[in-house]
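Trainee: Model the full structure from these sequences, guided by the hints.
2 protein chains.
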Amino acid sequence: MRLSNYFMPTLKETPTEAQIVSHRLMLRAGMVRQASAGIYSWLPLGLRVLRKIEQIVREEQDRAGAQEVLMPTIQSADLWRESGRYDDYGKEMLRIVDRHNRDMLYGPTNEELITEIFRNSVKSYRDLPKNLYHIQWKFRDEVRPRFGVMRGREFLMKDAYSFDLDYDSAKTSYNKMFVAYLRTYARMGLKAIPMAADTGPIGGDLSHEFIILADTGESAIFCHNDYLESDVLAKDADYGGDLQAIVDSWTKLYAATDEKHDQAAFEAEVPEDKRVERRGIEVGHIFYFGDKYSKPLGAEVVTPDGKQAPVLMGSYGIGVSRLVGGIIEASHDENGIIWPESVAPYKVGLINLRAGDADCVNACDGAYASLNAAGVEVLYDDRDLGAGAKFAGMDLIGLPWQLVIGPRGLKNGVVELKNRKSGEREELTLNAAINKLAG
Amino acid sequence: MRLSNYFMPTLKETPTEAQIVSHRLMLRAGMVRQASAGIYSWLPLGLRVLRKIEQIVREEQDRAGAQEVLMPTIQSADLWRESGRYDDYGKEMLRIVDRHNRDMLYGPTNEELITEIFRNSVKSYRDLPKNLYHIQWKFRDEVRPRFGVMRGREFLMKDAYSFDLDYDSAKTSYNKMFVAYLRTYARMGLKAIPMAADTGPIGGDLSHEFIILADTGESAIFCHNDYLESDVLAKDADYGGDLQAIVDSWTKLYAATDEKHDQAAFEAEVPEDKRVERRGIEVGHIFYFGDKYSKPLGAEVVTPDGKQAPVLMGSYGIGVSRLVGGIIEASHDENGIIWPESVAPYKVGLINLRAGDADCVNACDGAYASLNAAGVEVLYDDRDLGAGAKFAGMDLIGLPWQLVIGPRGLKNGVVELKNRKSGEREELTLNAAINKLAG
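Top to bottom, those sequences are chains A and B. Counting from 1 along the first sequence, just add 252 to a position and that's the residue number in the numbering used here. Counting from 1 along the second sequence, just add 252 to a position and that's the residue number in the numbering used here.
Since the hints were derived computationally from the structure, they do not count as laboratory data. As the structure is a computational prediction, the values presented were derived from the model and not from experiment. Only true hints are included.
One copy or any two copies: either way a pair holds, since identical chains are not told apart in the list.
Think about it this way: if two alpha-carbon atoms lie no more than 25 Å apart in a straight line, the pair counts; the simulated BS3-like pairs of lysine-lysine are: (1) Lys688 with Lys673; (2) Lys599 with Lys443; (3) Lys264 with Lys382; (4) Lys375 with Lys264; (5) Lys642 with Lys688; (6) Lys264 with Lys599; (7) Lys642 with Lys382; (8) Lys382 with Lys559; (9) Lys304 with Lys673.
Mentor: So, in structure tokens, the structure goes:
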């Protein structure tokens, strides 16, 4: 994409309404615009990141055996009356009355609807286990929406729901999602640590929040330092096999948010030099809740011995739009965003240092064509602007690589390749640069 | 995907609530389930089709130079008051009051919001032309939702908005979308004919509906038979060049829906043996409306001579979820759906005729692995069911190819390959079948 044509309305000023760095940078980089309080429009650059995150989530859900569906945003209130949550949910639920005076709502989550789909379709234990997920916009009418897409009202969430006949099978389903979540965040360049979370009246220990470390995080977190140094993807997951060992390795050491933190246990279990106290952002939550919804909604299957039993369910959420902000919180510097390559809107920013110079234009146009032909995503700054503005703009939007082509270098047969994260610059021939980026 | 594990709840009975064939077939094939009146959940098989259609729309929008954004579903009523449409829109608009008593609405369309984004970001004619589109769920509170996804309340629409400085440039933008629409529908195996549509108070001739022929269509249509025989994709589009000749070739002959039909003109312009009178379904609408929104909303740019002028806009809609039904209306037989390959949920249905037979299982498992490795999308009926049920099920869901492997054929070293559309069956070796499908 050529910047001369791209709709990327960057801002020079720091927007005053933005309290945290990811919100400021997303506005400044032209990734999003607020439509109304806590509701955002995604502009081209931001949408590309959102879609890449969504796709990683999708691939890892699919790999773990979950199947994608898509439930609507608007639901009937009747189902929520069946589960008893219509009255409980409070003001965060956006309630709507349609033209026929039926009570509707904008789904803040989908336990009821997926349970209804299940109960109408699946009748036998032979069709279990199942895990159905969707990636859909949700609405929670937060009283004070803030932090940009990190705590918006309309947000994109992946929510999966597992259905099993018995607890052991449900635990296997839970473990698959546990491991899928580790892989999902790792692929985004994030270190997300599972931390025990509330199970409410369900009890047991099958509830974990996945927390990434960031100074601007909403919760204090306490954990064993080994978790910060463990590599996730090295452990290849066989979803057909037993995943308990992986889950155990990520749950045996101390890790808790302030909600569940126990200072005495922390000090007893973790040697002093291994104690980490930081701040964190929740980017996912997995939760086993048994027959909490299947029972009131009557989602039963025939068991092997011919009886009827409510299915046992779990739910598994990932805040897809929130992750865009979360990744920026975890990965930026004073000049702007630093995208991990897997979620970067483009891999390469190509900078023409002198837009009026025929040699520069030729070299840049050629590099742009070669990189595109090699399947490398390039954002090409072909505008007639000063070098300083171009450098600052590229640093701001944080593409992993900057390929800088100017008249002086061309005379010596070289271009400059800069790594946004390390800041390292390298002079090399244009061909060598293209080969390196396409490799 | 193995059917033994797939969430595809097909129905044996024909659902009584479904009045038209696409609705019946989508329910029977387990593609969708109604969540509430006019609101559907997309199950895995249906979602795959929806996503393929969406992706074709996206690719052709991108090719034509439009840039993808994503606006939220929930909008503030204030903008619609600025444009004057808040009171005009009537009961089809789903109106919402949030917890702070602010008037909100579920966007039925996005002229206001995109105009606001534009006015806050673009200030100069130098940044024109622009075309921004998004593919997002909309809500129209139809008084009588019916025909399944063809006339639902919550529906997925692609809407693009062009911004130009003057009429000539706006017409160029219009022509690009006109041609992009021809290509889009052609890629889905549809013959969509552009028909002049109302321009309302704007006047001029820049308003076309794209109509596909189907016996169950909502409108009567009248057109010159040559349009049914013209090939669209043969004319390769150069979006940087002049597209007027292509547009002219698709507008010079008579084509009108009953709304705009003029029987005298039809008879005068079209020889009797070329007159086509059929029924049709609207699957897209493109419309130039000048400064209708930019003026009241103050979306102005600086012109080359230093003045301020409202931008001239057009909008371009495609009913993405409606197309799923529309394609089925246009392509089915008494046994079920006949998917064009470009939008088929899977390319191949692999049928194991004897699930208990080791040779059959081996051959089928091998074929499944080979086809997957070759990137061919396969739905594998590995269930322990009779041949009749498997054949009927595959015909119902309408995958383009059926690869049938049974004990008798294997003894002779052959399998059967059936083309769903033509019904032709061919006996060949398994390797030859795989090569043919992977080619």
